[in-house]
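Visitor: Each chain, letter by letter, is given below.
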Amino acid sequence: MDGNGAELKIFLEFVYGFYKSMKEHKVQLVYEGEITHQITKAFTSLTENNMEVDEESQSTQKKVFHVMVECLQNVGKHAECIDCDGGRKEGRGTFMLCKNDEEYTITTGNILSKSHIPDMTEMIDKINSLDKEGLKQLYKQQIKEGRLSSKGGAGLGFIDIAKKTGNKLYYSFLPINEEFSFFVLTSVISRYNN
Amino acid sequence: MEVIKIVGTDDTPSVTLDVANEIFEISGRSLPEDVAAFYEPILDWLDKYSEEATGKTVFNFKLVYFNTASSKMLLDILLKLEEMYEGGKEVLVRWHFPEDDEDMEEAGEEYADIVEVPFEQISYSMD
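Chain order of the listed sequences is A and B.
The numbering of the first sequence is numbering that gives the first Met the number 0, which starts it at 0 and goes up by one.
The numbering of the second sequence is numbering that gives the first Met the number 0, which starts it at 0 and goes up by one.
Among the clues, some could well be false.
What the hints assert, rightly or not - Listed next, the in silico DSSO-like pairs over lysine-lysine satisfying Cα-Cα at most 30 Å (straight line): (1) K88(B) to K8(A); (2) K139(A) to K88(B); (3) K4(B) to K143(A); (4) K61(B) to K135(A); (5) K61(B) to K76(A); (6) K8(A) to K40(A); (7) K143(A) to K76(A).
Everything labelled a hint here was simulated from the structure, so no lab data went into it.
This one's a predicted model, so the numbers in the text were calculated from it and none came from an experiment.
Construct the complete structure from the given sequences, taking the supplied hints into account.
Guide: Take a look at the structure:
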């Protein structure tokens, strides 16, 4: 900021605006960066402690933990990056946990090559079209047929999130440039009636 | 046979595979950083054991949490037990779940549907 007063003022206004946005959307936790195993452990453990303090039901706690792990691991394993050499991936993305009176929302955002969009759209739309029994069948089929990928994913994450939450997956691919999109995924966990 | 005894952590389960004392058990939480590396020695051990097993094998799963990457490895363990059972060995899988944990109970039901092996569901109290 080089001691430039105007720039500093803009930055401080940004900080205040950011704070107000977080309050408005009831953001409990927000992060942008590499999603490692350590980060996953730290965020889930912090959230578990907070839920314990809030006396959240065991069922809600388990569901939030479950969805957080799957979402964070998805980003860690699949996020791509625009200017990395030789297709190297650094598993970087955003993570956000919000809580209001009725529900928790868990949102991740990461860069993904546009070539994945048709398959992912088909898969998530299919998951969203299924009821509980249909999801069970799809899960069993996928666990039997799917092989563990080189990245250690079993292709089960989205199905599992839908099964555990009983809610639809909200998603969007926001175009970045010719080649890449920003993939946003939001899962909702009801705090009651679990 | 060598004994496998792994002490659990907050992201890896406790594992005991002990032929002499007839203990075959996986318990706790499973979300290892590298699932394949964690489960490979267990699957290798079961491969060897399946050739040597003489008595009844009662395998206990007592997990409180596992991620989807682990779920695939758990199926691989169950498929090895199924192989043993189909090969004429006596095998029983006991799937323990906390009494109020429907998701863990359901996970057991799903595995029982997939593998052809005697399968018992057992609920336990957390207190």
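Visitor: Hint check: K143(A) vs K76(A), CA-CA at most 30 Å. Holds or violated?
Guide: holds (21 Å)
Visitor: Given the hint that K88(B) pairs with K8(A), does the C-alpha gap stay at or below 30 Å?
Guide: violated (75 Å)
Visitor: Sort out whether K135(A) lies within 30 Å of K61(B), counting only the CA atoms.
Guide: holds (21 Å)
Visitor: Check the hint pairing K8(A) with K40(A) against an upper bound of 30 Å on the C-alpha distance.
Guide: violated (36 Å)
Visitor: Is the hinted pair K61(B) and K76(A) satisfied, with a Cα-Cα distance of at most 30 Å?
Guide: holds (28 Å)
Visitor: Is K4(B) within 30 Å of K143(A), Cα to Cα?
Guide: holds (28 Å)
Visitor: Taking 30 Å as the top limit, are the C-alpha atoms of K139(A) and K88(B) close enough?
Guide: holds (26 Å)
Against the hints set out earlier in the document, violations occur for numbers 1, 6.
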